[in-house]
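Participant: Listed here are the chains, written in short residue letters.
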Amino acid sequence: MLALGSIALFVFGLKRLSRVRTARTGNGLLAAGMLLAVVITLLEVGRVDYRWIVSGLAIGGSIGWLIVVRAKATQMPEIVARFNGFGGAASALVALSLFWSEVVERAGDGTAAETLGATAAATLIASVLIGAATLSGSIMAELKLRGTVEGTPRIPVRAVVMLVLLVSGAAAGSIGLFASEDPATASLLVVGLLVASVLVGVVLVLPIGGADMPVVISLLNSFSGLAAAATGFALSNHLLIIAGTIVGAAGLILTQIMCVAMNRSLLNVLIGGFGGSASDSDQSDYGPIMSADAESAAMVLEAAQSVIIVPGYGLAAARAQNAAHDVARALIARGVTVRFAIHPVAGRMPGHMNVVLAEAEVPYELLHEMSEINQDFAHTDVVIVIGANDVVNPAARDEPDSPIAGMPILDVEQARRVFVIKRSLSPGYAGIKNALFEREHTVMLFGDAKEVLDDLASQLS
Amino acid sequence: MLALGSIALFVFGLKRLSRVRTARTGNGLLAAGMLLAVVITLLEVGRVDYRWIVSGLAIGGSIGWLIVVRAKATQMPEIVARFNGFGGAASALVALSLFWSEVVERAGDGTAAETLGATAAATLIASVLIGAATLSGSIMAELKLRGTVEGTPRIPVRAVVMLVLLVSGAAAGSIGLFASEDPATASLLVVGLLVASVLVGVVLVLPIGGADMPVVISLLNSFSGLAAAATGFALSNHLLIIAGTIVGAAGLILTQIMCVAMNRSLLNVLIGGFGGSASDSDQSDYGPIMSADAESAAMVLEAAQSVIIVPGYGLAAARAQNAAHDVARALIARGVTVRFAIHPVAGRMPGHMNVVLAEAEVPYELLHEMSEINQDFAHTDVVIVIGANDVVNPAARDEPDSPIAGMPILDVEQARRVFVIKRSLSPGYAGIKNALFEREHTVMLFGDAKEVLDDLASQLS
Amino acid sequence: MGPALVSVYVFVLAAFLGFELINKVPPMLHTPLMSGANAMSGVTVIGALTLVIVAAPSTSVLLGTGALILATINVVGGFLVTDKMLSNFGGRK
Amino acid sequence: MGPALVSVYVFVLAAFLGFELINKVPPMLHTPLMSGANAMSGVTVIGALTLVIVAAPSTSVLLGTGALILATINVVGGFLVTDKMLSNFGGRK
Amino acid sequence: MARLVVVRETAAGERRVAATPETVRKFVEANVDVTVVDGAGAAAGIDNAQFVDAGAQIADDRAISDAAVVVSVAPPSAELVALLAPGTLLVSFTAPHRNLDTVQALAAANITTLSMELIPRISRAQSMDALSSQANLSGYRSVIVAAYQLDKYFPLFMTAAGTIRPATVVVLGAGVAGLQAVATAKRLGAIVKVSDIREAAKQEVASLGATFIDVPDAEDLTGEGGYAQEVDDDFLERQRAALTDAVASAHAVITTAQIPLRPAPELLTQAMVEAMPAGGVVIDLAAADGGNCVLTDTERVIDHEGVRIVPGHDFPSHMPAEASALYARNIHALLSQVLDNGDVTIDTTDEVVAGSLLTHDGGIVNERIAAMLTGGGV
Amino acid sequence: MARLVVVRETAAGERRVAATPETVRKFVEANVDVTVVDGAGAAAGIDNAQFVDAGAQIADDRAISDAAVVVSVAPPSAELVALLAPGTLLVSFTAPHRNLDTVQALAAANITTLSMELIPRISRAQSMDALSSQANLSGYRSVIVAAYQLDKYFPLFMTAAGTIRPATVVVLGAGVAGLQAVATAKRLGAIVKVSDIREAAKQEVASLGATFIDVPDAEDLTGEGGYAQEVDDDFLERQRAALTDAVASAHAVITTAQIPLRPAPELLTQAMVEAMPAGGVVIDLAAADGGNCVLTDTERVIDHEGVRIVPGHDFPSHMPAEASALYARNIHALLSQVLDNGDVTIDTTDEVVAGSLLTHDGGIVNERIAAMLTGGGV
Ligand SMILES: NC(=O)c1ccc[n+]([C@@H]2O[C@H](COP(=O)([O-])OP(=O)(O)OC[C@H]3O[C@@H](n4cnc5c(N)ncnc54)[C@H](OP(=O)(O)O)[C@@H]3O)[C@@H](O)[C@H]2O)c1
Ligand SMILES: NC(=O)c1ccc[n+]([C@@H]2O[C@H](COP(=O)([O-])OP(=O)(O)OC[C@H]3O[C@@H](n4cnc5c(N)ncnc54)[C@H](OP(=O)(O)O)[C@@H]3O)[C@@H](O)[C@H]2O)c1
Ligand SMILES: NC(=O)c1ccc[n+]([C@@H]2O[C@H](COP(=O)([O-])OP(=O)(O)OC[C@H]3O[C@@H](n4cnc5c(N)ncnc54)[C@H](O)[C@@H]3O)[C@@H](O)[C@H]2O)c1
Ligand SMILES: NC(=O)c1ccc[n+]([C@@H]2O[C@H](COP(=O)([O-])OP(=O)(O)OC[C@H]3O[C@@H](n4cnc5c(N)ncnc54)[C@H](O)[C@@H]3O)[C@@H](O)[C@H]2O)c1
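In the order they appear, the protein sequences are chains A, B, X, S, E and H. Letter by letter, the first sequence follows residues 1 to 461 in the working numbering. Letter by letter, the second sequence follows residues 1001 to 1461 in the working numbering. Letter by letter, the third sequence follows residues 2001 to 2093 in the working numbering. Letter by letter, the fourth sequence follows residues 3001 to 3093 in the working numbering. Letter by letter, the fifth sequence follows residues 4001 to 4378 in the working numbering. Letter by letter, the sixth sequence follows residues 5001 to 5378 in the working numbering.
Certain hints may be false.
Residues from chain E shown here face chain A by an in silico Cβ test under 10 Å; the list is partial [to be verified]:
#1 4155
#2 4162
#3 4373
Quick list of simulated restraints, FRET-style, between CB atoms [said to hold, decoys possible]:
#4 H/5245 <-> B/1333: 23 to 31 Å
#5 E/4277 <-> B/1303: 56 to 64 Å
#6 A/372 <-> B/1303: 45 to 53 Å
#7 A/335 <-> E/4202: 22 to 30 Å
#8 A/364 <-> B/1150: 53 to 61 Å
Everything labelled a hint here was simulated from the structure, so no lab data went into it. C-beta: ideal position from N, C-alpha, C; glycine also.
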């Protein structure tokens, strides 16, 4: 019955983990569910020899902890890949361990299938196959992410190779477990299965570009869930079946969602050859840039008490004035203080911002000229820069040789957080780079100003 | 394995049934799932005497069909309540039948629990209790909907009565099945359980107002699902457990959603005393009025090819011009032909509509004067009247004594469907009733014009 | 693990599934969805079927047949009435 | 109904549940969700636990202990790394 | 087939004409025989030839004496009345409360007069409502004139050469002209504040995005037919007090407050004008009825301590072509009710005809005007 | 402590002044000794007393000879040049290409001249950019004048008295003035069509919601500094052909097309004007440089077959107070670069100073003007 609690924790955990506001507690629930599952299992196995268990848990726990504390923020995806590989490997090892303990070491009569039962035998094969392929695939993914393995090497007739590997692996496994009565032969065949499975993972991931790795890892993650479920079948452990299956299914959906977000199809990703290297960047002028989507921005805005909106030519070009006003209204309705800071030369004609904001009937009281508002940025939680560039470019102050040197600018950097809405990292009228975009507390919201703002407004209301 | 197909059909069916565009196929899938379940069961029971089965199915099927074809559109909710009662009754009867066949008719040794197994016995009690309460509750609900039983009679110390009924019923059932070794006594006690259960349903529903009946029916529906699941436990039929539980859980969520939509809490509804009669109406001047929400309107609009928007003073009063333009834009983006029909005296000053629509930059090409567009209404799929009243009032044409008699009006009635957005049924400037609102093809979208249109725009994009 | 316990697993999973299945239902679908779900709760019909497989008219068979008839009304009528409600919507099918 | 069949029921229900559980994930959560799910897939740890309950170091026990270690790394590391990712968000907790 | 004559306006500054080629064509189609007095359209940019093309004859003033129907813009002069034959139908503005002797003369001459300003303000009569069509134009024009007169941008601009504060425009009276002035001034980017004494005006002003100046403790002073009631001095005093601040910061004040057939309320005192910023403008659309500003001179623009006061009653004549086109359509719509296949039928059971009938059968039909003549007030 | 003198403008129709009490106050704070010529602000509504309040002295013209810095609006007259002592810094519009002899005289007199129209169009110099500030005002004003002149509503109205079609306004040249004209005309509800030859102008026009008239096969003719290039006759021919239809249906045409230091392109031919509807208006903001319309007369409004042609080069003087306030700030911003604790320092390595320097140390510093004088073209 306790197992049901564990399942409930898994279900609620995953659900919360998929919503921004609850993600962290969701992760906690998942961890609690796992702890509960372990405890239940220990209770069930009863009074046994804890030597291996304790040392296994201790060693594994410390290693996991160590890997994480040593990781740099930029390495997260690689680490996820690695952990994922470990999970797959664990499933395969569990299956192998079962095989050895029940078949090889017992050395009873008959085939393994007869010893273990057909279902267990079949799922044992699945477990080894999926687990081992997950391991090797994950290792490949990590190497690609690190850039150790680069490019998208084409494997000739890859589909055929894959098929051959799968078929031969499955055949070896089946013969080993269903036909062979000799444990030695059987274990040899199982090792064959293992090798084939490892190769499957390599062939699967090798030709896929580094930029597509997140999708691949997500897919492999779904696989390792399934491997766990297969182990569950082999061990007749329902908790394992359920948890493994849920995460397998959820992982598949997540993979699909990630593909859609990248505007790719899963097949497309798996065929490979796309994606280049993970560290590719179009905008070589710029260092690391942080970008986000409207939902994340909305979350930050909700927590803000004061917001200043800085419109520029891009607002007018996108004719996003109504959308900007909608965002302001939504924030005001939430009790946020909202002001617009108008730079004297924003836009392309004197008073351009006034003209377009008047079209959207932004009340004059909300508009503040530069000299009036510049010292307030330091006490402002969030600045939203909408299609402005030159007028918020610190180069005017910091780089005496800049073409805009000496022009007074809106000092948006002073604010706690800066969102910049524009379509790309392209420069503005003056044609120069803007270091504001690289600041640690600047987050780019890429896209047409009207679209981004519409999105933001609907998130906020 | 076929049973899994049936479950899948149930899952997908319910899911599709909860989305407007797929609702009808969803219902079909559910029906198919049910058919499959019946077929599976018939296959499982094997070669038996089909006499009862065939006649039961035939009689039940025809009665069900007859009830539906004879029903008027307005009676739908009553009919759902009645069917629901039948479902609950069926579960109770199945449980009773099991009890009679296994306990009374076999007349073996020991208690029923010993004969049937403890789980089956316990769930048998649950099945009778829930099923019978669902039956009587549903009958009450139907009577309330019909107006046969009116008001919200207060039952003194209702909670206590309820508790007593539940406890005594459960006690009778438990003693009958777990303690009594004499089939006759046991069956007497089971009848006691039945009676108590029927009373529970009555006490539950009687004090609840007619307007809250939909929520009550939904709750009872969830119960009848649980009754079916209980039957499944009693019969060890997993398909029954799964289908019953899914519908029980989904029904509970639906009940919750309905409460939220009515701005009530479930507890609140169940305590009763609210809700008055189902046929209450505030606006006694008007005959039956059809109203809908933005989502339904959006669905109709999506299917339209030509739409005419008729703005009036309410559009200006709500300052909904930008929202109206957003809706127009969203429709145009879907390939719908959209025009605005401007009545010469719409608003409160000459050209009022032009002024406000210009603020929202509705292109002049979309604006059409009355004389230009009046004959086009007949070929128009949908008209959206936004805060206009007098200028679309057929009284100007049909009632010679009306204060607006003789004023030319926009002939919106000619269109296939008319949506009218306003806050209430209050009259406009001329202070008179507008029969347009009662037309069969008119649907009111009540609310502030800006809010309704914002909603509509987000549904459409 | 006993079969009863597994049934409980099944029950719990089905309940979670039922809860997750329905998220946001537009008001216009409240009644049809309730009606469709109601028809589905007539699934008890398959319970009734397993009880009326003998020829002799005993009390249990009569009860079972009653259950069968009522459940069938629920199922057949329920799906029909739901379809009737939905036929008014006219959206793309 | 055999226990294997029931397990299949359980499997199918769990799969449906998994599919329904996740609807729309904001892009910023793609990686954390993947990472959390990944940690959860280390649930195989409980399989490993059931295999290493004897004292004698046989091949199977060694394999099982390897599985246990790897699965624990996956679980512990996975949840920690997920939490680390999420700690940057700073939203209300 | 009745003969309809379009007079040439003789009033000073009147540049409109009561028919245009467009309406002449419609009259001719409806079997009305139209004669236009030579040069009637000249000031509005319509020459005789265009009228002839539309089917009219051109004649001199004497044609008026043969007419069954005479249409005019300005209230009839004594000369015009003298020319009219008994039984003629005259359709025109008449400003009866200001021209009581003309009204008497019309009655005495047995002229049937439909007065454009008496047309009831009901929905179906809006197409005949010349007060509305002309007031709308005046409201628009008043803002254009104010913008032209002011040494000040209307909109707010934040530019490299400093911030330019927007102009403040105060509009007194939110009837047709007032609302159009509000809308136009808002369009140009001014800050617009409005005062009126009808409750409904508040929401109407809000519907155009402007702010309303509340008079403390004011009740709703809506009178008959949607018009405002005349207010007492005590209320006016309070209203002026409420307006003082707004007017003192206004670059332009546009006044449109009127009470039908009564002198316009005096809303702007000399002191209030003097408190306005130098270079300010007052545009008084109520000038013809005495003006809302005490200083208004109907004849000319005056400069009072740097504030220009512009009488606006003749604004429609600033845009005579546009104004005439609208007025002519109003006249045509009203006559459509009265002319039946070219013959005049005065149906006094018709609400619109009865309402606008001033003199008929030798008597003064309108009760309020009759009462004024017999000495009483309203 | 340098002495700065504000001249009284003498050019015909010039009503602006190069300093306002606001800028005088800032100069005084920066240790500049300001003298205002008696009556310099009168036309702009600023009297001597206000200048005195701000810390200036009042003197007559002779003070100019003692000045270290002289500020003016209009290009210096021969009389002013005669008054200037050698080494004086003159800051003013100079229209050098139209006043080559004045430029020579300035150089000969060893005057250092900063010409306001030569200030480079770079972002940081925008606060000094008088061309922008004045052009913006002219653009706004041009629409107000057009609306005032037209016997036509700007917005579309669908009323009980019929539908009033909106006015169509064509704007030629979408620089600062043109864009402001577009914005103002759009605000008033007109249909606005625009032509320009710079590629960027297209998006800028779209950002104001107006439509762009494409010239077939046009390349981007953006020249140096964001200004337009001068175009050849062949292109002009094609451009005019592309404009013909739009102009023929325009109630108002506002022309603003200019090329720095060159005559304005001739965009409106006589035939195009004649094709306009009667009562139409052409407003030519390029009048000073010859006009974009062949018929433009710099001195007066002319009426050509019912179309009025209004020269707009003096529009800033229609709103002298507003225009002076902006111009004075531009002057102050430029002088802030040049005055260091009250002393003049000409730093020719500064891009802005170098760009706007016309004459210095007895020579003509600006190369283009120097080239014009030595006979060559640009
Ligand atoms: N005010 C005047 O009178 C005047 C006159 C002429 C020139 N200028 C000059 O113009 C500049 C004005 O500065 P500013 O900050 O307003 O503008 P800016 O520096 O020109 O930057 C505008 C930014 O808007 C973005 N943008 C364009 N279209 C967009 C869209 N549809 N959605 C979202 N973003 C869009 C562009 O980035 P993406 O391409 O990445 O989207 C661009 O970087 C100054 O350099 C000023 O000197 C001013
Ligand atoms: N055009 C002119 O020059 C002029 C001048 C004066 C009078 N009139 C008269 O005004 C009338 C104009 O006709 P119309 O159809 O435009 O207007 P109307 O007949 O006055 O009807 C306006 C409707 O808008 C609704 N409404 C008000 N505020 C709303 C809001 N915030 N959101 C949604 N709906 C809102 C009101 O219903 P709820 O309260 O139920 O929301 C009302 O029934 C005619 O009778 C005309 O004669 C016209
Ligand atoms: N239903 C229709 O067909 C129709 C058509 C046009 C106008 N109307 C209505 O007629 C009414 C009058 O319009 P109008 O423009 O001809 O009015 P008007 O010219 O008589 O007066 C102009 C405005 O001045 C206001 N006013 C009077 N005394 C005032 C004071 N002391 N202070 C401030 N404001 C004062 C009036 O309330 C009115 O709004 C309005 O309600 C209008 O909506 C109705
Ligand atoms: N960065 C800055 O600080 C700043 C400040 C103000 C203006 N500017 C830029 O300077 C440029 C010039 O502005 P301006 O208003 O002073 O220009 P201008 O007065 O010299 O000319 C006005 C407009 O006429 C156009 N034009 C020239 N020949 C034409 C022809 N044959 N047909 C149609 N149009 C023609 C020009 O392209 C220009 O847009 C613009 O690009 C403007 O954005 C930049």
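Participant: Against chain A, with CB atoms and a cut of 10 Å, does the hint on residue 4155 of chain E hold up?
Facilitator: With Cβ-Cβ at 6 Å, under 10 Å, it holds.
Participant: Return the status of the interface hint for residue 4373 of chain E: holds when the least beta-carbon distance to chain A is below 10 Å, violated otherwise.
Facilitator: Hint on residue 4373 of chain E: violated, closest Cβ of chain A at ~50 Å, above 10 Å.
Participant: Cβ-Cβ distance between residue 5245 of chain H and residue 1333 of chain B: within 23 to 31 Å?
Facilitator: Holds, since residue 5245 of chain H and residue 1333 of chain B (Cβ atoms, about 30 Å apart) stay within the stated range.
Participant: Assuming the hint says 22 to 30 Å, is it satisfied by the Cβ distance from residue 335 of chain A to residue 4202 of chain E or not?
Facilitator: Distance hint for residue 335 of chain A, residue 4202 of chain E holds at roughly 27 Å.
Participant: Determine whether the Cβ-Cβ distance between residue 372 of chain A and residue 1303 of chain B falls within the hinted range of 45 to 53 Å.
Facilitator: Holds, at about 52 Å.
Participant: For the pair residue 4277 of chain E and residue 1303 of chain B, does the Cβ-Cβ distance stay inside 56 to 64 Å?
Facilitator: holds, 59 Å
Participant: With 53 to 61 Å as the target window, see if residue 364 of chain A and residue 1150 of chain B comply at their CB atoms.
Facilitator: holds, 58 Å
Participant: Classify the hint on residue 4162 of chain E as holds or violated, based on whether any CB of chain A lies nearer than 10 Å to its CB.
Facilitator: holds, 8 Å
Checked against the numbered hints above, the structure violates only hint 3.
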